[in-house]
Amino acid sequence: MSALSHQTERADRRASSLGLEITLGTAIFGLFVLIALAAPLLAPYDPHAFSGRPLERPSVAHLLGTNDAGQDILSELIYGARISLAVGLGAALGTVALGLLVGAVAGYAGGLLDTLLMRVVDVMLALPRLPLLILLAAFLGSGLVQTMGIISLLFWPATARVIRAQVQTVRQRGYVKMARNFGGGSGYVLRRHILPAIVPLIAFGLVAAAGRAVAMEAGLAFLGLGDPTAKSWGLMMRFALNLPGLLLTDRWLWWLLPPGLCITLLILALTYLGIGLEGRLHPGLKR
Amino acid sequence: MRTRVVAYLVTLWIVLSLNFLLPRLLPGEPLSALLDPESSDYVFSAEVRAALEAYYGLDRPLPAQYFAYLKGAVTGDLGRSIRLNQPVAKLLAAHLPWTLLLTGTALGLASLSGLLGGAEAAWKRGSLADRLLTVTSVVAGNAPVYFVGMMLLIFLGAKLGWLPLAGGRTPFAHYDGPLAAVADVGRHLILPTLTLTLSLLGIQFLLVRNNLVSILGEEFMLVARAKGLRPARLKWNHALRNALLPFVAHLAAHAGLAITGAVFIETLFQYPGMGRLIFEAVGARDYPVIQGVFLVVSAAVLTANLLADWLNGRLDPRLAEEVGR
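If you read the protein sequences in the order shown, they are chains A and L. Taken in order, the first sequence gives residues 1 to 287; the numbers are from the working numbering. Taken in order, the second sequence gives residues 1001 to 1325; the numbers are from the working numbering.
Honestly, the hints are just simulated from the structure, not real lab data. For each residue, glycine too, the CB sits at the ideal point set by N, CA and C. Treat the hints with care, as some may be off.
[Unchecked claim] These stretches of chain A come out as covered by chain L in the derived footprint (C-beta under 8 Å, 3 or more residues):
| hint | region |
| --- | --- |
| 1 | 125-133 |
| 2 | 216-227 |
| 3 | 247-256 |
| 4 | 265-277 |
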């Protein structure tokens, strides 16, 4: 058995394990997307309707019982997927759009503008994000749009840095220099040569940003800084924990555990999807 | 190092200015930065409001307010809490030690076990233990910290009744001696620390393991093995020592993560630290307290960054040269 075949065998195994991560992440993520899209069909009740007595135990009518206001917990859970995914999608698009803009401009323009923009990135990366997030959420209000905006505003610098590095590398390459020497304008070079090189980074950035945004939205709702009218998983946990003596009965089993599991599963699905995509980006990366 | 110190001071100044500007940039009267118009504490009489504005100096021109604010921040005057009618600085001083205790203990425990576990896993990479530890770490490091905390709270606290459910110590307790007090604080510390340690450990383990795996493939490791060094010496003296550099470089970022985790954990366990303080302040829209916590936490994380830079320079002379320029 030569060393080379041993190496390729190892590389194959790595590729297949990355495939598993992507498959698993995509499957769970896809399941949540389906649940969110089909929420009106799947949910037995309107999550805002008072469909039972308060604090009912699970029964055929209410598979996960009812909350302290008499609303069906299963329906809340199903509709909650919509909020998490909407915030995840919105904030991910915002984060990557900002990161792409700043990163591409800095990397392509270079010079003073680049230095200036990267200083801003450095400062923002050094700040503790959650306290700043709380400060902004407290002052700017807590609607879902504000939540998406605040998350985008705080998390773009990491994307910007990665994009800038890639743009800078590509710009230095021979074929790009050639294209410019042959009279290719900035727009042409950006579209024809730079963009294809950063598309994989954008895909990874979107997934990573979505995972962070989902976690942050749930966290803000859990802390009481989310949209009080949007029944998200974080808000469900907050209401459940507000009930005195919740942990002393087995009520947590159908009220606290399901939203906690959903949010954890969704975040882990996005995490694994991200790890898989990252592995595709850097085939040499050993994990 | 000098450029780093300058960058540190500039960032600190930006944090201070952000803290000053944010409430003033928003629409509405300046007093709404101190008092939420929707809160029950709000005063409706125009005279009282004018008197309050004068008291807080909100009727003066912006530059004057700004310098008064900077002077206050430097001398430790961070305003008064609306909710508790106490100086913010005093509140911060009362809550800070609890958070330092929690994050410090968790960061120490997670670093130690992350280094040792990561080294073992990388040494035996591909083994069942390595794969199990890696999967567990991804889960522990990425699952929301409040969910992990809830599970520990339910099983170790409520079901088994081994540990207290909430608080930093037993309320109204009379201790027989200093030892009893320490034991009580320690018992309350276990669950929050365990939660935070698990979450940090997941991240630190992966960092050490992945770094070590690439170091093990380096040529100097091959040379060391060819010299016939004992495996223990290879692992600890040659490999782990080199993996220490990125570990220290990330330590400041991990301190930031620890703070984030602490906010959730202190809320969940009703632990009397900074996280609990900001949570309660948010509930009452007590803006001066929220700003004070933001300021102190930012300053702490920035200082940790600076320390990590300095420490890394000491550990790796190549970096020190680069930084010194």
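Cross-check of the supplied hints:
1. 125-133: Coverage by chain L holds for the region 125-133 of chain A (7 residues, Cβ < 8 Å).
2. 216-227: holds (count 6)
3. 247-256: holds (count 4)
4. 265-277: holds (count 5)
Every hint from the earlier list agrees with this structure, and none is contradicted.
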